[in-house]
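Here the structure of chain A is known, so what remains is to put chain B in place on it, guided by the hints.
Chains A and B are the protein sequences, given in the same order.
Under our numbering, read the first sequence as residues 1 to 541, first letter to last.
Under our numbering, read the second sequence as residues 1001 to 1433, first letter to last.
The set of hints was computed from the structure by calculation and includes no laboratory data.
Mixed in with the good hints, there may be bad ones.
[Said to hold, decoys possible] 27 Å max Cα-Cα, derived DSSO-like pairs, lysine-lysine:
id, chain 1, residue 1, chain 2, residue 2
1, A, 342, B, 1178
2, A, 346, B, 1074
3, A, 186, A, 361
4, A, 393, A, 342
5, A, 346, A, 393
6, B, 1178, A, 306
7, A, 391, A, 346
8, B, 1178, A, 345
9, A, 216, A, 198
10, A, 2, A, 159
11, A, 306, A, 361
12, A, 361, B, 1178
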Amino acid sequence: MKLELRQVTKKFGDFVANDSIDLVVEEGQIHALLGENGAGKSTLMNVLYGLYAADGGEILLDDVPVHFSGPGDAMAAGIGMVHQHFMLVPVFTVAENVVLGTEPTGPLGLLNVQQARGIVQEISDKFGFDVDPDALVGDLPVGVQQRVEIIKALSRHAKILILDEPTAVLIPQETDELMEIMRQLKASGTSIVFITHKLREVQEVADTITVIRHGKVIGSALPTASQSDLASMMVGRDVDLGVRSRNSTDGGVVLEVNNLDLADEEGRILLDDVSFTVAAGEVLAVAGVQGNGQTELAETLIGLRKPTGGEILLHHYSSLQPDDASDQGDQQVTTTENLTGKSVKKVLSSGVGFVPEDRGKDGVVHGFSIAENLVLDQVDSAQFSRGGSLKMKSIASNAARLVEEYDVRAGSANATLGTLSGGNQQKVVVARELSRDLSLFIASQPTRGVDIGSIDFIHSRIIQARDNGTAVLIVSTELNEVSSLADRVAVMYNGKFVGIVPPDTQRHVLGLMMAGVSHEEALAQAGRGTTSEDTQAGAAS
Amino acid sequence: MTNLLEAPVDERPTRNWGQTWTKVASSSALTSFLAIVVALLIGAILIAAADSGVQQAGHYLFARPGDFFSALGKSIGGAYSALFEGAIFNSRQLFMPLTKTIAYSVPLIFAGLALGMGFRAGLFNIGAQGQIILGATLCGYLGFGVNLPGGLHLIVCLLGAFIGGALWGFIPGILKAKTGANEVIVTIMLNSVAVFLLGWLLTLKAFQIPGSSNPVSPKMNPTARFPHIIGNIDLGFLLALLAAVAVWWMMERSTLGFRIRAVGENPDAGRTAGMNVAMSYVWVMIIGGGLAGLAATSQLLSDPSQQLNINVAATLGFDAITVALLGRSKPLGTIFAGLLFGGLRAGGYIMQAKTGTPIDIILVLQSVIVLLIAAPPLVRAIFRLPDPERQRQAHVRAMNRALKKQSAGKPPTPPEGELAEEVDLPESKEVSS
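Next up, chain A with everything else stripped away, as it sits in the complex (with noise of 0.2 Å):
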């Protein structure tokens, strides 16, 4: 089925959400839509599934005009959605979940579980998707549910299919099932519209690909333009992370973790004996799949998982006189602090920052001013709170200085944080932990869901504190940041340190890496050339 969209147009109040859109997708096509956070791509997709009203435009069907007052309509008519939050419930079993709203039933209105089965089975069977009909959804990967959403489109018989942010969820891997399976119903004539930010999925998997940026559409392009000229159609300007000036100081080290150990309540290993260090004036940044263990790395180290072995060491330098700056050594080391197992508090006291990777769950409070955010840890101490009381006074000049300091683009400190946008939401969290005195630095995911001009930002400013002297650490699965950032790179595999190399490192020989291949091996592997091309595809993801 071919859709077409003319000039489509939503607006909320006098924000115009989409403007004058127009799109074709062909039978049988992934189009991608592609654009930031926020450039209007779920809006248009809501309009077409019926969801929003369009003000103005109209949407054909096999250059059909067709109007969608709901849902119901837009799937009548063969269009199928699966939104980025699954729409599953839990409890129920996977044929359950595919027929609800549209169940078979027998006499008595009975549920025909069978027939519901045998509809799962079917096109689980057809597309190879590997999905058991009587699983609990609620016991299922998230891959394995997306593709339960798949199943519950098609077997209402949709002819195109919209996929709102699907990776965004997945881990590589599932990324990877995911795109084959774009592919073989792309195969059978199902028309497909992906949407992502992703530059690399949608270069491996898309037909055609189109750019929105604030509402508008920028232009087409083939998956064969480069990635810089799309991320530039994307943001509007030339994306370069670059590459920062390394380090050139050698500091003696900071962080020193010996033998890491981490297993959850199940006993599952999350870290296998992890060692490393990290000196001053050096960003070592973690890389790896997400899943391998580097969030729990980040976390054991604040102090949020009681690590189950090894020890965390954090060294205290006094301030280095120029005269004994070439004999760095033991000699400098004035305290050596274990933080092995100890509170997320006395760690952040002890002069450690952290941003953590999910900003709005663990990093904010929403209903809270970017004052109060701004000082969220740091309550308890002198310069904040005398004797259980607030310092309003040095709690708003703080913001204030901040606000200023870090561009915090908002109406004013007073602002309640869930106002800001992600960028600016982050800028507040790496704003309260970079303001104060740190001898480590933990950032997990520094930039994730953040916009690029604040991306730029954000890694300056941790450049700088790496310059100023703090051991930084970052943890990151994306490469860009990695080997834009990094002096030393770390890659985890599994809970383990594969190893650690330098930062520029070849892009494959890391994916290797990723993979569990030791570095030697990679390298003698990327040298060999050919031989090992999948192995690469696969783990340069």
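Chain B alone, transformed into the frame defined by chain A:
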């Protein structure tokens, strides 16, 4: 720019009762006011419907509609003016009824402050009833069973009330902190435990009037009682106001309150910021329990006739939930809500006596108020008010525009920040290779 619109405010599903109640409890002041208006209107309909004069005139409504409407006006006007005279002012007693209202409001303010504090911490403490009973038990025993000089005796009784309530708050607090036990369930259960505990204590000789086996305590020693200030107002009201100021200070100006509010809004962020989430729950329950316990003092120390009996807490603990909700969990709001409910109660008795309007109407008023506050969209629909979420977005948009203008004024190569993206780019660009 549009990123601002994506600010994920309140879009996460509420995760537990506590958060739901936190949200309900923070609805707008306008909603509270309109809820009261609607409740009075519904009350008016019920008053008229229950009035025999109106019913009779209704029989010949079409023959003489004037009769019906005058009966209508008479019944509603009569009831509400009796309510007013009983709660605020009448020509005979002048402002004496107002002092009665204030006296009734004291325990509601204490317990309302306690619950409001819990709501803001994300805890749905509905154990005020039990906490009041425990406070009353300790306060009462110290009031009649101990001989101390005046002043000191009162302080000891106040401390007893606070400690009794705090103990009863500590139990669910520590259980939640250590085992994750749901505070709603634990406090409900402890309410029952408190009732039976007091019931059993009242069977003991130590708690009974000498020579009697009735489950009623002796009267309080005069040394333990609140000094009267004016009319029915005694020191208890001043203490309640003082408690409101203290709670305000604690929540808004102390590090403890900062932590409590942070944990109430987002426990994960609190934990990551190094706060001891479990301990802040415990503190909220201890302080809240103590405040609820103080509500018992006006049941025992205000009037010479008061005694410790099984009904000492009446339904105060549950009315206080309404008071806290209506007061939006803020101290000032709680004072006004407490006064309103105190007035309804004081006026309700007079209304029943003078016009025969059943006092149950007051319960209806209270219930409708809660219902409407719990469902702000209903109030908005009735009064065709704009949705605050939309207003917020409009505000964000206005701010965006202002910022855009600001940045447009800057040179064409501004520094970092998403505003920079706006600058000098071709509107459309074809890339293919």
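Hint by hint, here is what the structure shows:
{"no.": "1", "hint": "342/A to 1178/B", "verdict": "holds, 18 Å"}
{"no.": "2", "hint": "346/A to 1074/B", "verdict": "violated, 70 Å"}
{"no.": "3", "hint": "186/A to 361/A", "verdict": "violated, 37 Å"}
{"no.": "4", "hint": "393/A to 342/A", "verdict": "violated, 32 Å"}
{"no.": "5", "hint": "346/A to 393/A", "verdict": "holds, 26 Å"}
{"no.": "6", "hint": "1178/B to 306/A", "verdict": "holds, 17 Å"}
{"no.": "7", "hint": "391/A to 346/A", "verdict": "holds, 22 Å"}
{"no.": "8", "hint": "1178/B to 345/A", "verdict": "holds, 19 Å"}
{"no.": "9", "hint": "216/A to 198/A", "verdict": "holds, 19 Å"}
{"no.": "10", "hint": "2/A to 159/A", "verdict": "holds, 9 Å"}
{"no.": "11", "hint": "306/A to 361/A", "verdict": "holds, 20 Å"}
{"no.": "12", "hint": "361/A to 1178/B", "verdict": "holds, 22 Å"}
In terms of the numbered hints stated before, the structure departs from hints 2, 3 and 4, listed from lowest to highest.
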